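Participant: Work out the full structure: start from the sequences and follow the hints.
When the letters of the sequence shown are read in order and numbered with mature numbering (1 follows the signal peptide of the UniProt record, and there is no 0), they come out as residues -23 to -1, 1 to 187.
It is worth saying that the hints were derived from the structure and are not from the lab. Computed from a predicted structure; not experimentally measured. Take the hints with a grain of salt, since some may be wrong.
Claimed, not checked - Straight-line Cα separation of at most 30 Å, DSBU-like style, residue types lysine-lysine; simulated pairs:
| hint | residue 1 | residue 2 |
| --- | --- | --- |
| 1 | K187 | K174 |
| 2 | K187 | K123 |
| 3 | K174 | K123 |
| 4 | K155 | K174 |
As the list claims (entries may be wrong) - Pairwise CB distance ranges, derived in the manner of DEER restraints:
| hint | residue 1 | residue 2 | range |
| --- | --- | --- | --- |
| 5 | A28 | G68 | 15 to 23 Å |
| 6 | L87 | Q62 | 35 to 43 Å |
| 7 | G140 | A18 | 19 to 27 Å |
| 8 | N12 | V65 | 15 to 23 Å |
| 9 | D175 | D136 | 19 to 27 Å |
| 10 | G63 | K155 | 33 to 41 Å |
| 11 | K155 | P3 | 16 to 24 Å |
| 12 | P74 | D175 | 16 to 24 Å |
| 13 | N12 | T183 | 15 to 23 Å |
| 14 | K187 | S69 | 14 to 22 Å |
| 15 | S69 | K123 | 40 to 48 Å |
By construction, the Cβ of each residue, glycine as well, lies at the ideal position given by its N, Cα and C atoms.
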Amino acid sequence: MTRPISVALPFAAALALGGCATAVPPVEVTRFHTNAVAGWAPGTRYAIATAPLDGPGTEVPGAAAMPSLEWNSYRTAVDQQLQRQGLVPAGSGERAPLLVRISFDRAEQLPEGRRSPVSVGVGGSTGSYGSGVGLGIGINLGGGPKRMADLQLFVRIDDAASGQALWEGRALTAVPVKAPANQPSLAAAKLAEALFKDFPGESGRTISVK
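Facilitator: What follows is the structure, given as structure tokens:
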């Protein structure tokens, strides 16, 4: 009786590890930025736009004017990551030199490899200074027989005075629809953490963050 149990334990452990890998998939991240980012001293103030970033690809009419609870999850996650970089949120009525714009997207993959025509969230902008961010990255992170959801987070940090984009990045992944990682709060935290890993990141390079 001892031998079958000892064989079963490693098998059970492998299943458990497989489940963890499914719950926390890798995230593809691409960032672009100008040299001005290096000049941000700890304590630099920022403000987050009160509505999701609107742009080409928006699939929910009026979404930019109606922030949802899910969008607030992404805003909170990004806010936490910005503060970890030493930036400080501006107080009420205070003018900040940086303006942060956020958008997210979640869409279910169809069996034929297409995306669902119903997409939650708002699309990111096209690259503000020829970066190409927002044009879509041709990576299919899904696959297999499971129903998968494509998750995406786009963040742009502008010079508040001129409106010029100083830093922008996109993080995307795919998770099983029924996986815990598809929950808005968990998805937002995972994508934001990956997006701001080693901030500001290497401009123009796409990396995979586990």
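Participant: Against each hint, give a clear statement of whether it holds in the structure.
Facilitator: Hints and how they fare:
At roughly 11 Å between alpha-carbon atoms, K187 and K174 fall within 30 Å of each other, so this suggested pair holds. For a cut-off of 30 Å, the pair hint linking K187 to K123 stands: about 20 Å separates their Cα positions. A C-alpha spacing of about 29 Å is found between K174 and K123, which places the hinted pair at or below 30 Å, so the restraint holds. With a C-alpha separation of about 27 Å, the suggested pair K155 and K174 falls inside the 30 Å cut-off, and the hint holds.
Restraint check, A28 to G68: a C-beta distance of roughly 20 Å satisfies the suggested window 15 to 23 Å. A beta carbon spacing of about 38 Å between L87 and Q62 agrees with the range 35 to 43 Å that was offered as a hint. Restraint check, G140 to A18: a C-beta distance of roughly 22 Å satisfies the suggested window 19 to 27 Å. Between N12 and V65 the beta carbon distance is about 22 Å. The supplied range of 15 to 23 Å therefore holds.
D175 and D136 have their C-beta atoms about 23 Å apart, which keeps the hinted 19 to 27 Å range intact. A hinted range of 33 to 41 Å holds for the C-beta pair G63 and K155, which are about 38 Å apart. As the Cβ distance of K155 to P3 is approximately 19 Å, the hint placing it in 16 to 24 Å holds. Against the hinted window of 16 to 24 Å, the Cβ-Cβ separation of P74 and D175 comes to about 23 Å, which satisfies the hint.
Between N12 and T183, the C-beta spacing of about 21 Å keeps the proposed range 15 to 23 Å intact. Taking the beta carbon of each, K187 and S69 are about 38 Å apart, not inside 14 to 22 Å as hinted. Against the hinted window of 40 to 48 Å, the Cβ-Cβ separation of S69 and K123 comes to about 45 Å, which satisfies the hint.
Figure legend: structure checked against the earlier numbered hints; the only hint not met is number 14.
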